[in-house]
Every structure is written in structure tokens, then in C-alpha cells.
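J.: Chain by chain, the residues:
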Amino acid sequence: DAKTTQPPSMDCAEGRAANLPCNHSTISGNEYVYWYRQIHSQGPQYIIHGLKNNETNEMASLIITEDRKSSTLILPHATLRDTAVYYCIVRTPFNDYKLSFGAGTTVTVRA
Amino acid sequence: KAGVTQTPRYLIKTRGQQVTLSCSPISGHRSVSWYQQTPGQGLQFLFEYFSETQRNKGNFPGRFSGRQFSNSRSEMNVSTLELGDSALYLCASSLAGRGVTEAFFGQGTRLTVV
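Residue numbers (my numbering), protein chains in the order written: chain A, 31 to 141; chain B, 150 to 263.
Among the clues, some could well be false.
[To be verified] With beta-carbon atoms standing in for the labels, derived distance ranges:
no.	chain 1	residue 1	chain 2	residue 2	range
1	B	E231	A	H70	25 to 33 angstroms
2	B	S228	A	T102	41 to 49 angstroms
3	B	S171	A	H70	20 to 28 angstroms
4	B	S228	A	A141	43 to 51 angstroms
5	A	L110	B	T187	25 to 33 angstroms
6	B	S235	A	I69	18 to 26 angstroms
7	B	L232	A	F124	32 to 40 angstroms
8	A	T95	B	S219	42 to 50 angstroms
9	B	K162	A	H70	20 to 28 angstroms
10	A	F124	B	Q190	20 to 28 angstroms
[To be verified] Cut-off 25 angstroms, straight-line C-alpha distance, at most; resulting in silico cross-link-like pairs (DSS-like, lysine-lysine):
no.	chain 1	residue 1	chain 2	residue 2
11	A	K99	A	K82
12	A	K82	A	K128
13	A	K128	A	K33
14	B	K206	A	K33
15	A	K99	A	K128
16	B	K206	A	K128
[To be verified] Covered stretches of chain B, as calculated for chain A (at least 3 residues, CB under 8 angstroms):
no.	region
17	185-195
18	242-252
19	255-261
Worth flagging that the hints you see were computed from the coordinates, not collected in a lab. Each residue gets a CB set at the ideal place from its N, CA and C atoms; glycine is no exception.
Same shape as in the complex, but just chain B:
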């Protein structure tokens, strides 16, 4: 079966702009969680959506937001981009949720803010 698909794979944005990233989970999975990965901070949890509701969120500013649609696809939005937002953004889907519980990750979207 198809894995987790993230689009786009690469993105370059200018400081102050906003960006929307997309994640299509594995069919049947109702949980989608998002992570930021940087060389300095490593992996950090952003938020999790389950059945269109945000179920949990990490310690990120309100500029980071997300949503989930009825087909379980999820989007993540970052407004007023800062240079420090440059990172690999990963999404993961799972049946039961709770973040890393037997989750399947996409290949990520590499965001560069200039």
C-alpha cells in the first residue's frame, strides 16, 4: 500500500512569508503528527491531529498551525517565516495516534528560509 506522502519535497521561502505543507497519510490511518528536524535541536514534536481534531501540541509558537481534513489529509502552516524555521518537516501517520506509536513517516519537506 502507498506510504505517507509529503508535498512539496523542497521549498524556498523568504523571511516574513507564509508556507503551507501537505501530508497524505496511509489509507485508514486517522492520526497525523508533525515534527520539525534541525541539526541544532534535533527532532521536535509540533502537533498531532486525530479525526480532524488537534489532540496534542508541542512547545512551538502560534505561528505554527495545522489542520486535518475529513479524508485524514493534513496541512501545516507557518506564518511570518523566520530564518530559524529552516528545517526538515516530517509528518507521520498511525492508526491509534499518540505520536510515535508505531507511526509511519513521510520523507519530509525541506524548507529553506532566506
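The following block holds chain A by itself, in its conformation from the complex:
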């Protein structure tokens, strides 16, 4: 199973881009990368996921390196409401999937 590591914390200025790294150096070619965030006392919220290509949605962009050993979640214009713990998760395919959860990065957006 892929081992997923994230930095424990990072600060970001409001209005600036936040770049959150995730290392999954043992990932296999068919394993997906997911990002969720958890705001204090709430359940995790889905952000984005990808396999090989970079992905973008209304919340964020996901950049996966060509060798797929790491990825970066980009919050383009961080707001105070983006303060949360961000989790990187690797999932194997099919119904008997395995999940490898990162320990999470606590992102604090400062005014």
C-alpha cells in the first residue's frame, strides 16, 4: 500500500495561493489521489481527486508529478474560511480498495 506523508502545518496569507504538498512515493500506476479537508468539529469535505492528469474544479487544483510520487493541492486565493486540516488520501482501484490516509496538514490562513 502507498504510504502518504504530509507536512504537519503551514501558514498562508489571505488572498494568496496555498500550495499543499503530499508525498506518495510508493504509489502504483492505478492508484488515485484524493484530497479532503476537515474544518474544526465538522466531517471531512471532498475537494478533488486525480489519477495521472492535473485536475481543476471550483475549489482547487491538483497537480500530480509525472512520476506520480507526489502531488500538490493548490488553493488559488485562500480565505479565512479555508483554515482547516487537509488530508491527502491514496486509494487503490476496484471494490476491494485500500485507503492510505495522510496525517493531515493544518493550514492556517492569516488576515
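Starting from the known structure of chain A, arrange chain B on it as the hints suggest.
T.: Below, chain B alone, put in the same frame as chain A:
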């Protein structure tokens, strides 16, 4: 539309007892998965149910079990509680399943075992 509802929100149990937690998914979602979250171990996958069948399970002892009803509501049971079972238990629902695939999480049930 209504989100994922977990009941109760807080629970205190004594070691050796058993507990049942409930999860009502978003209407139309057939997949419900359960997770345990602790400060030491982080998020861990317990199991997933899809259309009343357990489709996948994580690496937890048999004391942890679940079921899903025909209306997609799910229950999770933990028997012979241990102090280490104290955790936030989260459930998530999705259309297609496979755990974290575009899943919507409830706020969780905070279980404290004393």
C-alpha cells in the same frame, strides 16, 4: 437537500459494553462507509456497505460490525468496548461508493469509553 446525519453526536460508554451508532445517508446514495478518527492513528477505514451488502472492510477486529438497511441507512456496532475505542466515528455516503470517491461525511459520533 439534507446532508448525512449521524446519531447520537456524543456517547459515553463503560468498558465492556456495546454500542450502536446510526448513519442516515443523503437521499439516493446507496453507499455508506464508516471511519474511525483518533489523535494517535488519524483516519482509518472501517467498512463500506452498498445496497445492503458489505463491499469492503478495513483492518479492524471482529468486534466492529455494521449493517445497512433497505433504505440505505446504516448502523455500526462495537461490542466489548475497550478504552482504545474512544474516537470520533464518521460515516460518509456517496452515489458510486468505493470509500472516499466524492463522499459526503456526517459530523460524526464522539464515543468516549470510560
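J.: For each hint given before, does the structure comply? Return the numbers of the non-compliant ones in rising order.
T.: none
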